[in-house]
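The task is simple: from the sequences and hints, build the whole structure.
Residue numbers (our numbering), protein chains in the order written: chain A, 1 to 367; chain B, 1001 to 1229; chain C, 2001 to 2258.
Calculated directly from the structure, the hints in this document are not laboratory data.
Treat the hints loosely; a few may be bogus.
Keeping only pairs whose Cα atoms sit at most 27 Å apart, straight-line, the calculated DSS-like set for lysine-lysine is [to be verified]:
(1) K1090/B to K52/A
(2) K2231/C to K2161/C
(3) K209/A to K2230/C
(4) K273/A to K342/A
(5) K285/A to K342/A
(6) K2161/C to K2143/C
(7) K2230/C to K2161/C
(8) K209/A to K2143/C
(9) K2161/C to K2016/C
Below, a sample of chain A positions facing chain B; criterion: calculated Cβ distance under 7 Å [what the hints assert, rightly or not]:
(10) E8
(11) V11
(12) F12
(13) R182
(14) G257
Here the structure is a predicted model, which is why all the values come from computation and not from measurement.
A virtual CB, placed ideally from N, CA and C, is assigned to each residue, including glycine.
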Amino acid sequence: MSGAVMAEKRVFMTGNEVVAWAAVAARADVMYGYPITPQNEVMHYWTRLAPKHGKIFLQTEDELSAGFATIGGVLAGKKCFTATAGPGNVLMQEPVSMAEMMRLPVVVVVMQRGGPSTATVIYSQQEVTLTTFGGNGEGFRVVYSTAGLQELYDHTIKAFNTAWRYRFPVFVLADGYQAKMREPLTVYDPVERGIEPVAPEPYVGRPGKPGADRPPGHYRNTYNTEEELYAVVLEQAAEYERVAPEIVEHEESGAEGAAVLVVAHGVVARAAKQAVELLRAEGLKAGYFRPVTLRPLPAEALRTAAGRAGRLLVVESAYGQFARLVRDALYGLTVDVVPLYKPGLGITAEEIASRCRELAASSARTE
Amino acid sequence: MSFWVFEVRRIRIVEAYVGEYAAGKSEVAVNRALELAREGEPATLVDLDTVEPCYTLRPLQEELGAAGIHVVAWETRRTLGLGEAGSVLKAEARWALRRPGHVVFDVGYGVGGAKALNLVEGVEHERWFNVLAVINASRPLTATVEGIVAHVRDLGPVHGLINNTHLGSETTAAVVQAGAALVAAAGRSLGIPVVATTAPAAVAAEIGPYDPAAHPVRPLRRFMPRAFW
Amino acid sequence: MTVKPAMPESWRLETKPHKFCPGCGHGIALRALGQAIDELGIQDRVVFGCDIGCSLLAWDFFNVDSVQTHHGRTTPVVTGIKRANPELICVAYMGDGGGYAIGAQHLVNAAGRNERITVILANNTQYAMTGGQMAPTTLPGQKTETSPYGRDPEATGHPAKGPEMVAAITGEDAYVARGTVSKLPQLRRMMVRALQNQIEGRGFSFVEVLSTCPTNWRTNAKDTWEFLEKKMPAHFRTGELKVPAAAGKDEDGKKAVH
Chain A
1 MSGAVMAEKR
11 VFMTGNEVVA
21 WAAVAARADV
31 MYGYPITPQN
41 EVMHYWTRLA
51 PKHGKIFLQT
61 EDELSAGFAT
71 IGGVLAGKKC
81 FTATAGPGNV
91 LMQEPVSMAE
101 MMRLPVVVVV
111 MQRGGPSTAT
121 VIYSQQEVTL
131 TTFGGNGEGF
141 RVVYSTAGLQ
151 ELYDHTIKAF
161 NTAWRYRFPV
171 FVLADGYQAK
181 MREPLTVYDP
191 VERGIEPVAP
201 EPYVGRPGKP
211 GADRPPGHYR
221 NTYNTEEELY
231 AVVLEQAAEY
241 ERVAPEIVEH
251 EESGAEGAAV
261 LVVAHGVVAR
271 AAKQAVELLR
281 AEGLKAGYFR
291 PVTLRPLPAE
301 ALRTAAGRAG
311 RLLVVESAYG
321 QFARLVRDAL
331 YGLTVDVVPL
341 YKPGLGITAE
351 EIASRCRELA
361 ASSARTE
Chain B
1001 MSFWVFEVRR
1011 IRIVEAYVGE
1021 YAAGKSEVAV
1031 NRALELAREG
1041 EPATLVDLDT
1051 VEPCYTLRPL
1061 QEELGAAGIH
1071 VVAWETRRTL
1081 GLGEAGSVLK
1091 AEARWALRRP
1101 GHVVFDVGYG
1111 VGGAKALNLV
1121 EGVEHERWFN
1131 VLAVINASRP
1141 LTATVEGIVA
1151 HVRDLGPVHG
1161 LINNTHLGSE
1171 TTAAVVQAGA
1181 ALVAAAGRSL
1191 GIPVVATTAP
1201 AAVAAEIGPY
1211 DPAAHPVRPL
1221 RRFMPRAFW
Chain C
2001 MTVKPAMPES
2011 WRLETKPHKF
2021 CPGCGHGIAL
2031 RALGQAIDEL
2041 GIQDRVVFGC
2051 DIGCSLLAWD
2061 FFNVDSVQTH
2071 HGRTTPVVTG
2081 IKRANPELIC
2091 VAYMGDGGGY
2101 AIGAQHLVNA
2111 AGRNERITVI
2121 LANNTQYAMT
2131 GGQMAPTTLP
2141 GQKTETSPYG
2151 RDPEATGHPA
2161 KGPEMVAAIT
2171 GEDAYVARGT
2181 VSKLPQLRRM
2191 MVRALQNQIE
2201 GRGFSFVEVL
2211 STCPTNWRTN
2221 AKDTWEFLEK
2231 KMPAHFRTGE
2241 LKVPAAAGKD
2251 EDGKKAVH
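Structure, rendered in structure tokens:
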């Protein structure tokens, strides 16, 4: 297997390992990282695989350094990524802001842990606001929220292509449960499946003498005047909005005419999906909507689904961070949005189902 | 009762389960401890996972205690920041071999391999000490004979192999048996016996008492899915 | 016939005259660096990283690929470039705030890992672009906007000795020196030897440059020179602090050592 991407195969893995293997499959060249639970095994496995595949790794002094070194790797023309969590994600926002400003295709994998601050090392969905809109900017970045190890593999591969195709920073947003959970998945070489890896290209060190054979590459994140910056940000906004329809992804079922539409993302969406299947088997008209991309949010699809539903139940392991994105997308619609927030706690299908039953019963009473 | 009879009766089993990350060490160790406890001797199960202890045995302590196993593991509420502030060895684990009866160690993964056992007092004097490597050939790094051989060599002294090849909820007899062939070949190459194949109870029943490579089949009751959430 | 100013070939003519204040030391430090790049013939391989603060004004200074960042993160950015493409000659240029305060962890760890990069740090004893605040390098008694009664070492410590610290923690094959904009030939030699150390793949290289900031010091030409030549050397000794055996002695540099 030395050097080659693993042939298509059913395997048993943990989420963090999946990221490392997927990065190899995506033809990533470099990882710069810093230890933080629960993402450590991403580095553990990347470092185990690196010599066999000719990959580069450096453990930096902190997440700032990991993020900025990742920017350096990208400038040098390599597919480069890092992985972090919690307080590390807070620090990571500084380099990602620079990547946004310079439109650099960095890839960051986040395994959410409890917050605020150090909190717990285990699980939450409390890094949604930070990952979608962190940094001192406009949030021109792509955020894939995965719901299981197969998706973690697929979307880590996709993240590199999205980054290099559109030149916006890309996050793969998972959580401590996905990082540590074990389940079977199919690994494959994307090339074998017709997914051509987008080739990276260097920003610095291109052939020729700068100023003689070619203009020098001069990259900055500082602008002199408000007008200059305004033009830059507007251009980025226009480009982000132009490509957003090509990037957005969602999953839905039974939304049409649903009395209750359960809206969830990430690993919670697995429970939501199960709950909806359970309820439909009971004869309750329940639907399910899950944005896969939290940035850009599939707002049109969400509005359409919500417009056909009686009520929305927004479920998340945070206190309304995801719901804020949802409500913003629904602005102007009159549909009732009911929360089920459990910050830092896992949510089971049964909990969601029983809340849906309550909602259905209460709306039956009011009708 | 003569002295030597007493000695034989008191021979105890001391086993350490080592292996790759997510190979199934905890599942195999828990089942082994239960098997030993059922025979009536005192049995101790030691969580020696110094990498991510909070994800292994702690939610199961009460249930295992009721089954007659003395569990040596942290309870999360009694520690702070496990997996973050560094991994903390419970003092009781260091002295586990002073306990009467059988002792089963669940050793976490890591580049140190079986070296975690150096943390246990008296290991070098234990006469019947067995280090068993748990192999899941559905894990990419141990999916080939060469991969298994290289992995086991990295672990340090290993006395036996356990074929624990599975695909979680998708495990079939075919998956287990394909793994058995690989582990058997690796065992031949390493000169280390394969002591058992382990499989979920239903699959174990389907395979029968011995797998096609003639390894005894031990049925597993699955605890770990609950240990995690 | 027009007289062309003597500029290093690696300077980018279109962005000259540069934007530094009259009497600023950055122009001299960058002249030394430009001459060193010319002398070594590495213009097509150099990647120049600059930081925030006045060093960012150099973002389009050279005809070499350049990237500007902030807060001393220039060190990890060029580390990331160098490790991803070791063929490139990577230079991180920053001020004393970036290197010794907000980005100190990057300098410390890059030096500790003996990264094959070159860090050039301008020490002008204060934060210049933010309006003259106290820096780790501010001299005892020196007035800045955040030490209006003069820096009190009892309260805020003594001036940071960067090269001494770097020399203590970096590899045996690292090159560490402190030069001054008052001695251009020596400074140029130090830059050459620092870059040479990277080209040879020996180890980390670090040059602190004692620099001037008349604008924030509020000094005329004479007092600026006196501050640079009399006050700063009382705390910051110039010369080579660490030289790999393979680099040999530098006679020019030796003569210039105080």
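Original post:
So which hints don't hold here, by number, going up?
Top reply: Violated hints (numbers, rising): 1, 3, 8, 9, 10 and 14; every other hint is consistent with the structure.
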